[in-house]
Amino acid sequence: MSFRTRLALFFVAALVAVQALTAVLVYEVTRHELIGEGQRQLGVAAAAFVRQLDDISDRVADGVRVLSLDFALRSAIAQHDQATMQSALANHGRRVGATQMLLLDVDGRVVVDTLGAYRAGAAFPYADLVERAWSQPAAAVVAWRGRAYWMVVVPVFAPNLVGEIAAAIPIDDALLARLQAQSTLPRNIELVAQSANHAWSVLAHGSDQVALSADLAARRALLPTQPTLLELGDREFVAQAVPLSRAHASAPVAAVLGYSVDEALRPYRPVALAWAGLLALGLVVGLIGAWLIARSVSRPVEQLAASARRIEAGDYSAPRDVHRKDELGQLATAFAGMAEAIREREARILHQSGRDQATDLPNRLAADAHIQGELGRRPRQPAALLMVGLARVPEIIKTMGHMVCDRVMRDVGERIRGPAGGGFVARATETQFAIFLARADRQEAIAAGFRLLDALAEPYREADLTLDLAPAVGIALAPLHATGANGLLRRAEIALLAALGTEEPIAVYDPATDPHRPERLSLMGDLRAALDNDQLQLHYQPKLNLAGGAVDGAEGLVRWQHPGLGAVAPDAFIALAEETGNIRRLTRWALAAGIAQAKRWHEAGRTIRVSLNVSARDLDDAELPRRVAELLALHALPPECIALEITEGAIMGKPDAAIAVLRRLAGQGIDLAIDDFGVGQSSLAYLRRLPVRELKVDKSFVTHLHESREDQTIVRSIVDLAHDLGYRVTAEGVDHETTLAFLHEIGCDHAQGWLIAKALPADAFDAFLKRDREAVPG
Amino acid sequence: MRKTAWLLALLAPLAMVGHAAGLSVRIVDGHGAPVADAVVTVVSRVAAPAASAQPPRTRVVDQKNLTFVPYIEVFRPGDSVVFRNSDNTRHHVYSFSPAKAFEFVLAPGQSSAPLVLDRSGVVAVGCNIHDRMIAYLYISDAPWIAHSGAEGRVSFDGLPAGAYEVRVWQPRLRPNKPDLAQIATVLADADPQTLTFTLSLLPDPRTQFDREHTSY
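Going down the list, the sequences are from chains A and B. Residue numbering for the first sequence follows the numbering used here, starting at 1217 and increasing by one per position. Residue numbering for the second sequence follows the numbering used here, starting at 184 and increasing by one per position.
Be careful, since some hints might not be right.
Claimed, not checked - Restraint ranges, calculated between C-beta atoms of paired labels, are given here:
1. A:A1299 / B:S294: 32 to 40 angstroms
2. B:G304 / A:A1390: 46 to 54 angstroms
3. A:N1307 / B:G304: 31 to 39 angstroms
4. A:A1299 / B:R273: 56 to 64 angstroms
5. B:R273 / A:R1363: 42 to 50 angstroms
6. B:G304 / A:V1260: 52 to 60 angstroms
7. B:S207 / A:G1332: 51 to 59 angstroms
8. B:R273 / A:G1313: 30 to 38 angstroms
9. A:G1332 / B:I366: 58 to 66 angstroms
10. A:A1390 / B:R273: 41 to 49 angstroms
11. B:S207 / A:P1440: 37 to 45 angstroms
12. B:S294 / A:G1332: 45 to 53 angstroms
13. B:S207 / A:R1335: 47 to 55 angstroms
14. A:G1313 / B:S207: 48 to 56 angstroms
Simulated from the structure, these hints should not be mistaken for laboratory data. Source: prediction; values computed, not measured. Just so you know, even glycine gets a beta-carbon here, dropped at the ideal spot from N, CA and C.
Generate the whole structure from the sequences, applying the supplied hints.
And the structure:
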């Protein structure tokens, strides 16, 4: 239920409840008051009614007494003149409204009856009236033949008491109606008489014909003499009975007066109707008002909710149309303020997120976005990204701390802004700045690089601190090296790394030297597949025994013919295998292939010792000696038929574990050789600890042996020393006859190189052996 | 005084008979108050009343200030009554009583001709013009007769010893009880008897009719 509906409902319910309660209260109070008023009125009316009836009897008595004083009548009475008496009484009865006139003697016997109901001499039934009338007129209400009469008895003095005249005045409906018309008597008046069986019968009633007495009498034998509330059907009355003066011989006669509460309430009915109308009107007005008020509350709230949703969606425009002075207006104002604050904060965060704090230059994210935008705007147009790196920075951080570093970087940032020549400058990483030069080609980029280097040539000075920055610049070109910002940044960084590692302070990205090209990842997958599918070949480079002049050994070299890329350089994929943890599989494969070939040659009766390369990672593998032993056992090959070559570096990494593995291999009778000897940092003294039988002099010493005296001295020294220590020596990279001759001269044991033969497949190797034997017999 | 005078005259013959006795009659109403205007008659129960040897007399009932004076007058049969109008208004004097019925108008200062009351009984006399005027003529041949004054007492002296019937009448006695009677035996003067009559009386109509316009 919406707020609007609830408010309206509450309002209306409250209104209805209050009005209903008020109405009930007012009705009850009014009714109670009216009943009280009715009871008061009834008491007054009862007295008034009795008084009016008495007035009637008084009037009749007066009239009759005047008659009684009529001399002629008195004369007629005295003379017992029946006819005169009869006619005089009848005549006078009409005057006073009597329906019956009687003349009684002093003993109460009827002398004359105008109605003829009593014969002469009969006792008048109302003896008490007769007796009372001796002294004064007496009257009583009597019930006679189902009707009520005032029986008024007046003495006749002539001049002493000679008799009485009784006049019967009917109290009928007409009389009651007249009385009601003449005064404020209640509409409900009944005259009732009690019959012998105590039941009350109605003798006459007033204008309103409701049988009050029947109900009253049904309730109790005695009629209530106090105002009593009673219900007749659906009507309410306050009723009171008044016993009227009675004659002993007559049944008791009473008047029952009723006050109709409904009647009294009738004037209030239009008021109630008006009230109900007002209530209905109030309800309608209240509903409309409540709805309007609720709407005036809920509409701004809905607007604010909509504003909140807009803010959620990133639209910080102020809420509309809320110009109010009430609480909702305050809320809207606060809302607008909040939206504005959020907008400002977001802008600041956005700005800061694209800024480097130390230098106030755009950061890498901003640079990426900017460069991407530039490249997108001018696709396929030349552009250059220069990455300026400071080799000394990590050192500065370690020794001087970040604060100094930040100041250094701020200084650098300012310094490179000029030489950047309007290019976009950003701080790419902690130690690197990126300068994007739109429209710059290779030459311009290199020129800019030199300008940058010049700008950074001066050391950074601060107080007594002087720091050499050792800058370098890497350059990547678009669209040559990359067409995206990310690629461009990465390649410039690679170029920078290359520059940092060399003498040249500026390097342009070279895809060939990039060890981080993405193709390498797929190449690795391909290598695994090649291992699984046996797509690799093991080639064999012959080793010439210089003393014997014959080939008696071969170095197994892995060759990979990639289905798509063609021949893949061994250095490339071996390094890749080492980095990605696949070298052990490669080694395992090479061992299996080499030993199998050695077996074939062994069976063919050829004494060719196959040398196989073992990587540094393989020396971590404690299983290696066992695996080699299993392969030899599998092929039933003597261990002398193979040799394993290890580089110096491999042993230097984890000497203890590596030496343990090597000792086990040596223990199995396998010859071990140190590959690429001379370029590493190991000393011969150290090598003495290893179970090694052969040294392979690195080809860097051999390549220029034919022309370099220094190299000749070195190699000679190595050979002499090795021989003194009991090692055999093999020279690699023998390309010249002179070199071969020199090696022979100094007593080197084996030579290996293109001069003798390049690495050959097994069958080509066999063919080479055949030819060699023919060419150099013996 | 007058009353005593003619009572003595009445009793004079009896006193000569022999022993004489006294009888006192007290008349009270229901409240014990003395009742005036009560006529007491005493009749011997053994001896027949002696014939009246007195000559008839004429008495005057005056009308003064719209009132009959006296209110009650005692007569012997054969006595006459004369009505005299001493007011300056006319009076229409009448009576419907069986003992004597008459009717005439008296001009101011006029007196009626003597009316002979020859029968015993009570004659109620009224004025047709003035309702409250009423007078009673008590006609009796009883040997002893007297009416009470304001003190409500009547005394008889010199009654011969013997038994008597004593009757009391009052105008306001209830109509169905015209008079009361008691038997009294008197022995001697030295032994005066006192009889008390308690009367139940109606209101005096003379005062009643003053209230013409009041309720009852």
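How the hints compare with the structure:
no.	hint	verdict
1	A:A1299 / B:S294: 32 to 40 angstroms	holds (37 angstroms)
2	B:G304 / A:A1390: 46 to 54 angstroms	holds (49 angstroms)
3	A:N1307 / B:G304: 31 to 39 angstroms	holds (32 angstroms)
4	A:A1299 / B:R273: 56 to 64 angstroms	violated (31 angstroms)
5	B:R273 / A:R1363: 42 to 50 angstroms	holds (46 angstroms)
6	B:G304 / A:V1260: 52 to 60 angstroms	holds (55 angstroms)
7	B:S207 / A:G1332: 51 to 59 angstroms	holds (54 angstroms)
8	B:R273 / A:G1313: 30 to 38 angstroms	holds (34 angstroms)
9	A:G1332 / B:I366: 58 to 66 angstroms	violated (46 angstroms)
10	A:A1390 / B:R273: 41 to 49 angstroms	holds (45 angstroms)
11	B:S207 / A:P1440: 37 to 45 angstroms	violated (59 angstroms)
12	B:S294 / A:G1332: 45 to 53 angstroms	holds (47 angstroms)
13	B:S207 / A:R1335: 47 to 55 angstroms	holds (49 angstroms)
14	A:G1313 / B:S207: 48 to 56 angstroms	holds (55 angstroms)
Hint compliance for this structure: hints 4, 9, 11 are broken, all remaining hints hold.
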